[in-house]
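Novice: Quick note, the sequences are listed as chains A and B, same order.
When we follow this note's numbering, the leftmost residue of the first sequence carries the number 1, and every step to the right adds one.
When we follow this note's numbering, the leftmost residue of the second sequence carries the number 630, and every step to the right adds one.
Everything labelled a hint here was simulated from the structure, so no lab data went into it.
Among these hints, one or two may not hold up.
[Claimed, not checked] Covered stretches of chain B (chain A as the covering partner; in silico rule of three or more C-beta atoms under 8 Å from a C-beta of chain A): (1) 817-823; (2) 1070-1076.
[Said to hold, decoys possible] Below 30 Å or equal to it, Euclidean Cα-Cα: the simulated DSSO-like pairs (lysine-lysine) are: (3) B/LYS809 x A/LYS88; (4) B/LYS1029 x A/LYS556; (5) B/LYS1064 x A/LYS505; (6) A/LYS556 x B/LYS809; (7) A/LYS451 x A/LYS536; (8) B/LYS966 x A/LYS88; (9) B/LYS1029 x B/LYS966; (10) A/LYS134 x A/LYS591; (11) A/LYS287 x B/LYS802; (12) A/LYS621 x B/LYS716.
No experiment lies behind these values; they were computed from the predicted model shown.
Built from N, CA and C at the ideal position, the CB exists for glycine as well.
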Amino acid sequence: MEYHIDTQVCVIGAGHAGVEAALACSRLGLKTVIFTMNVDSIAMMPCNPHIGGSSKGHLVREIDAMGGEMGKNIDKTFIQSKMLNVSKGPAVHSLRTQADKAEYSKAMRQVLEQQENLTIRQAEVTEILTEDRKVTGVRIHTGTVYRCEAAIICTGTYLNARCLVGESITETGPGGMQRSTWLKDSLNGIGIPLRRFKTGTPARMDGRTLDYSKMTIQEGDKVVIPFSYSTDPADVQIEQVPCYLTYTNEETHDIIRQNIDRSPIYAGIIEGTGPRYCPSIEDKVVKFSEKTRHQVFIEPEGRGTNEVYVDGMSSSMPDDVQQRMYRTVPGLENCVIVKNAYAIEYDCVNANLLKLTLETREIDGLFCAGQFNGSSGYEEAAAQGLMAGINASMKILGGEPLILKRSEAYIGVLIDDLVTKDNREPYRMMTSRAEYRLLLRQDNADLRLRKYGYRVGLISQEEYDHVCRKERMIEEEVKRLKSIRIGAARENQEYLRARGSADLKTACSLAELMCRPELSYESVAGLDPDRPVLPKEVTEQVEINIRYEGYIARQKRQVEQFEKMENRRIPDNIDYNDVGSLRLEARQKLKEFRPSSIGQASRLSGVTPADISVLLIHLEKIRSQKGEI
Amino acid sequence: MALVFDHLHTDTIAAIATAMSEAGIGIIRISGPEAAAIGSRLYRTPNRQKTDISLWRPGTIRFGYIVETDRDGKEKLIDEVMLSFMKAPHSYTTEDTVEINTHGGMFLMNRTLELVLAAGARLAEPGEFTKRAFLGGRIDLARAEAVMDLISSENEFARKTSAAQMEGAVSSKIRELREKILYEIAFIESALDDPENYTLEGYTDKLMDTCISLEMEMNDLLSHAEEGRILKEGIRTAIIGRPNVGKSSLLNHLAGEERAIVTEIEGTTRDTLSETVRVGGVLLHLTDTAGIRETEDKVERIGVHRAEKALENADLILFLIDSSRELSQEDAQIAEKIIMRLQEGTKCILLVNKTDLSSEIKEEEVKSLFISRGCECPPLLFCSLQTGEGMKELGEYIAKLFHTGEIAEKNEIFLSNVRHKNAVREALESICLVKESIMNGMSEDFFSIDLMNAYRVLGTILGEAVEDDLVEEIFSKFCLGK
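Chain A on its own, in the form it takes in the complex (with noise of 0.2 Å):
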């Protein structure tokens, strides 16, 4: 008689993408089981001990703004905080934060055992239960069965991991933990191929033998602003602790070209693909050979320890190699090796055969989030976590499935990215990537996504109409700074020229003179004797909307033509084999993505506007079947 226990959720798997996904459906109201090899790897850091920075300090405030965890966490348990590209425009502000690992880990384990209806087992999930082609449960390990609704794959970078230093293979997952061997025969048993990444990581290294007075220190912000919407700005203001700047130089990369055969890398050993824009010291000394040193930060662990991490050169080469090579660069002369750099390999999914909504398209209510759909980074494991979350509870619950748009947020960009494109190597989230990115700013998350958190019930009432008021306030307010004329009076020329700003030839409103590169809403303040109060939130939006309203304008037209092609949807059950006219590729493609909507389909490779209108005429053609206009 086979051991069973009932559950709603399975969340398989416990770093950035479990714990969101585990949190968002407990807190939905689901019955909800989170798996892990080792409970004390919950939210466990295992590369770089930073959450945010450029196009990723973006995905965590709109996890944020939708009810993740994340920002929450990183706020508790920051040790260093950096606003970056400050000089630059507003879109691409991004919050940069040092974490204190071993407290970050420890702060997020608290959360999920305080979440009514979640519960932590230590287990290694073995096999999905189907029936039908849908999914009724996991089987663990120790051979008992937890029958469920949904179960989400999160298994990171540990299924069928294996490290590499130099010639040493380890059977392991990361930072030497135990390995998941058994669901990659489930899941290919129930027709979810799987293929093979790989990523690295740098020494760690003991802090007291790191010659600090040869580098450059790295400090945080003086003023830190915290990651959520729901921090007090009061509680951040903490003592901080500083990194390091140094540099690699030629004699370090003669060490390595002399060893580079011995590099399982380059000696071909390593089947897996690495990310391009994570490359290892290796990489960067023969791909950029021009470049006479590279840069290294060291980023201390957390407080408790003296461990640092040196970032900038993760590394595969051999243990002496190794030691050789980080004893070039100044200030770490004498550096002692806590745990060697590696490289890890580990199965994955190919993202094309998930939906938007990150649920399979082969299994019914099996979904998949995280490193395990070809991403890299916390901030896009957590992001999508949290989105196959709420997504397997509105498909247990009946509710809409939640799908974020390219032009609404980054998170809709790297789950449509994710999705859609042919992705060959662990996919990072950049700013580039973003076609609407003046739109998607870090400042402006929870005036874009608070309103679908509170439609699945993430949000609270009052959390809601805070953001619904600002937004009012917002738009009352520019369209008064629009409204109020200033004129060519004298008592205004003076008060201009004392700001060092052009007089006045003819009347202007207040909006057009903050828009003046030397003015701001701020320095107007004498000109505008009305001005009501307003919360720095709102100042702050007020000033960029006005400022860069012409830039805004630009970008929202194309985001118009672009969401006309979205909204154009294509139905589950279209075949194609049924569309006339449609060319070979077009059609091989079609059938293997399956877009759900134009504007998806219009984004594959192979896909020609002509094979479009062809699509359109015979969505049309259905359409007008079916009687409907």
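Here the structure of chain A is known, so what remains is to put chain B in place on it, guided by the hints.
Specialist: Chain B in isolation, oriented as in the chain A frame:
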């Protein structure tokens, strides 16, 4: 990508609805809610009055003019046309439709189409009229699909031919422009994605230089488009000379048939005769003129007047001189008229004909017709239309004068296409917006909005998708990540 349905049903489209050819009448079709308004902007009645086409009785066709309005509101006549108006749903597309029947000739058709686009229409994609007809319920699916089949195959054909056409210098020029733009975008993006590794300090000056050079190069392309037009449209060529010098013989020789009546009686050609021929790889629109001379004959006088008109409109003048007779007062008068044209940039070739007969004039005498009037003498060629001597050289002279080898390679196919011209124009505008952003002290991330647009638009000329180029470029050129 997928321009076909970008503006599904909401905007007004236009295209040349007849086959593009030198001959006959060309129809420009405008379809959509703005069709009548756009037509009204360009159409003038026979007494040059404005009219609101939407108030016409649907289904009517009227004579009138297409005009171009300059910045000061002055109107310039472009072409005589017949214009018809059909009201929704009683048209092919089931939308409001205006059709402009032009006199044909690719130049005029393209010119008019450009005006229509400038007045607010979007260039229709292949098959778009038919698609609208189907969506409007005007034609059934079988027919629509048949048309779409044709379009797909035409598309494929067009793609192939355009691929072939684009092998030339022009496509590599566009590629070069795009590469430059992409490099700048990739640099900016790398710096934004990895601010700790790449700095943008001092970058704007460099970008400004790049923008200025891009602007110049694109302006160049656009101005060469006019030369390309001459080539594709043909060179308006006037054959001129005093009576019975052999003008009609030259026309006939080039046209290869007895087109004009050739006699030995002076003044046989009383009117201008036209012919289109290919000489030295160049299309010439030849106009044989009546000999220019003072005359009492009324009919002949009209001919002379027209000859003078032809002289004024010509891109190239072929000036014939009879070597068997001494230079006359008439030759000198013609030379004077030509000198005026030369100063306007018109090109000229002197043909000293009848070398088969005894020679009465020396080369110096002919040259002094110009030199004595302070003007450099145009290229001079001795020939005989009787024997055909010098005819081969004539082709070479013409090719040389119009740098045709160069132009043909550079522009012939390329920028004579309105869509391509529009694309370059839009890219140019975007680059100017970048310059504006730089001058307004905007930060670098704003530049990439317009740079990206320029890159995308130029890509439509080559038929290349934008999507992943940028990411590829970033990874190949910049060492990103930690």
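Novice: Against this structure, judge whether each hint is valid.
Specialist: Verification of the hints:
Only when three residues or more bring their CB closer than 8 Å to a CB of chain A does the claim for the stretch 817-823 of chain B stand; here the count is 4, and the claim holds. For the stretch 1070-1076 of chain B, the stated coverage by chain A is satisfied: 6 residues place a CB nearer than 8 Å to a CB of that chain, which reaches the threshold of 3. A threshold of 30 Å between alpha carbons decides the hint, and for B/LYS809 with A/LYS88 the separation of about 23 Å falls inside it, so the pair holds. As the CA atoms of B/LYS1029 and A/LYS556 are separated by approximately 51 Å, the hinted pair breaks the 30 Å bound.
Restraint check: the Cα-Cα separation between B/LYS1064 and A/LYS505 comes to about 25 Å, which is no more than 30 Å; the hinted pair holds. With a CA separation close to 27 Å, the supplied pair A/LYS556 and B/LYS809 stays within the 30 Å bound. Restraint check for A/LYS451 and A/LYS536: satisfied, since their Cα atoms lie roughly 21 Å apart, inside the 30 Å limit. Note on B/LYS966 and A/LYS88: the hinted pairing is violated, with a Cα-Cα distance of about 63 Å set against a maximum of 30 Å.
For a cut-off of 30 Å, the pair hint linking B/LYS1029 to B/LYS966 stands: about 23 Å separates their Cα positions. A distance of roughly 21 Å separates the Cα atoms of A/LYS134 and A/LYS591; the hinted pair therefore holds under the 30 Å criterion. Only pairs whose Cα atoms come within 30 Å are accepted, and A/LYS287 paired with B/LYS802 is accepted, the gap being roughly 28 Å. A distance of roughly 25 Å separates the Cα atoms of A/LYS621 and B/LYS716; the hinted pair therefore holds under the 30 Å criterion.
Of the numbered hints listed earlier, those contradicted by the structure are 4 and 8.
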